[in-house]
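Asker: Residues per chain, in single letters:
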Amino acid sequence: MSEQKRRPEDGQQEFADAAWSVPSYLLSGMAIWGGLGWLLAKWTGQAWITPIGLVIGVVLAIYLVYVKYGRHSA
Amino acid sequence: MNAQTVLASTGGGEFQAPGPEIFEFPPLFAGGPEWLTKPVLFAVVGALVVCVFCWSAFAKPKLVPRGVQNIGEIGYVFVRDQIARPFLGKNTEQWMPLLMSVFLLVWVWNIFAVIPVIQFPITSHIAFPAVLAIFIYFIKVYLGMKHQGPVKYFTNLIPQGLPKPVYFLLVPIEYLSTFILAPFTHAVRLFANMFAGHMILAFFSLVGFWFLIEKPTALGFGVGIIGVIVTIVMTAFELLIQFLQAFLFTMLAAMYIQSGLHADH
Chain A
1 MSEQKRRPED GQQEFADAAW SVPSYLLSGM AIWGGLGWLL AKWTGQAWIT PIGLVIGVVL
61 AIYLVYVKYG RHSA
Chain B
1 MNAQTVLAST GGGEFQAPGP EIFEFPPLFA GGPEWLTKPV LFAVVGALVV CVFCWSAFAK
61 PKLVPRGVQN IGEIGYVFVR DQIARPFLGK NTEQWMPLLM SVFLLVWVWN IFAVIPVIQF
121 PITSHIAFPA VLAIFIYFIK VYLGMKHQGP VKYFTNLIPQ GLPKPVYFLL VPIEYLSTFI
181 LAPFTHAVRL FANMFAGHMI LAFFSLVGFW FLIEKPTALG FGVGIIGVIV TIVMTAFELL
241 IQFLQAFLFT MLAAMYIQSG LHADH
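In the order they appear, the protein sequences are chains A and B. Per the working numbering, the very first residue in the first sequence carries number 1; after that it's consecutive. Per the working numbering, the very first residue in the second sequence carries number 1; after that it's consecutive.
Only chain A is shown next, with the shape it has when bound in the complex (with noise of 0.2 Å):
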């Protein structure tokens, strides 16, 4: 939707989407980077690979989440 036609209840219900959306983007971030960083970690015996997937995940997610909803505020 362009920015001219927006109309304010648009924004809020944006807001109930993006907030109850965000539990389960957090949660895909971490299954997919974090499982692909503990498939690695297995594969190479590099424990640390793991955190550092579920990080790049949640780090992933938040990203997402502002792409898909807050980019119309900022």
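Mixed in with the good hints, there may be bad ones.
Coverage of chain A stretches by chain B, computed from C-beta distances (three or more under 8 Å per stretch; other residues unrestricted) [unchecked claim]: (1) 39-49; (2) 59-65.
Incomplete in silico selection of chain B near chain A, CB under 10 Å [what the hints assert, rightly or not]: (3) P165; (4) V166; (5) L169; (6) P172; (7) I180; (8) F184; (9) R189; (10) L244; (11) F247; (12) L248; (13) M251.
Label pairs and their computed distance ranges (CB to CB) [what the hints assert, rightly or not]: (14) B:F53 - A:L40: 49 to 59 Å; (15) A:A47 - B:F53: 52 to 62 Å; (16) A:V22 - B:M145: 19 to 29 Å.
Derived from the structure by calculation, the hints contain no laboratory data. If you're wondering where the values come from, they're calculated on a predicted model, not measured in any experiment. By construction, the Cβ of each residue, glycine as well, lies at the ideal position given by its N, Cα and C atoms.
Fit chain B to the supplied structure of chain A, relying on the hints for placement.
Answerer: Just chain B now, kept in the frame of chain A:
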């Protein structure tokens, strides 16, 4: 579940906090099917309560509402204005039968936690919220494919205007979140709240029962009193949580339906 049932599992010797076993029920009668347990029975009773309530409130509506119709209309207006309309806008009325039924059903199932004799929140068994969440999930995906197109629905979810390598990082998160974890968190949020609430009530009521009636001692008396007071306070708190969780579950259902009807902006 009542104090005697929990006590039976403690072995009677010393105080033992109730555990997950308070969520396990035997068949209703000896020789009966294993699936026919107390939660199943009261799940059906809850559905019947909602049917009877809606029937008596809305079957023969009067222009000037009286009796049950008054209460039914308050409930309807609440669900429509506070839950459905902020998300669904002009499509609200079309989805009200579903959202109203889901709200009332979940609320009645939750309230069963504090109704004497029943004393069990039906939604603390994951199967019940899971079925409702999966049902909403299929509606969401169906509406998305119908209104946005079978391929467009999936591409609309991806935010535009990002450098190509970033999509490689973000798209898996988006799809896992929308198609697998969103229905999971939808069900688990309700289940976990009701599960934890029931454990808390069971624990504190058992503390009161144990230290005041089962094994009263001078030292334990104060603990028993605290147990009773906290049980009363937590029961009031649970009443609020039961309503809040029914509200949130229905609100998320409205949000998911909206995400199927219209693409993200």
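Asker: Run every hint past the structure and note whether it holds.
Answerer: Results for each hint:
1. 39-49: Result for this restraint: violated, n = 0.
2. 59-65: Since three or more residues must qualify, the claim that chain B covers the region 59-65 of chain A holds, with 4 doing so at under 8 Å.
3. P165: violated (12 Å)
4. V166: holds (8 Å)
5. L169: holds (5 Å)
6. P172: Holds - the Cβ of P172 of chain B comes within 10 Å of chain A, reaching about 5 Å at its closest.
7. I180: Since the shortest Cβ distance to chain A is 8 Å, the answer is holds.
8. F184: holds (7 Å)
9. R189: holds (8 Å)
10. L244: violated (14 Å)
11. F247: Violated. Min distance 12 Å.
12. L248: Since chain A brings a Cβ to about 8 Å from L248 of chain B, closer than 10 Å, the hint holds.
13. M251: Where the cut-off is 10 Å and the nearest Cβ of chain A is about 8 Å from M251 of chain B, the hint holds.
14. B:F53 - A:L40: 49 to 59 Å: holds (56 Å)
15. A:A47 - B:F53: 52 to 62 Å: holds (57 Å)
16. A:V22 - B:M145: 19 to 29 Å: holds (25 Å)
Hints 1, 3, 10, 11, counting from the list given before, are not met by this structure.
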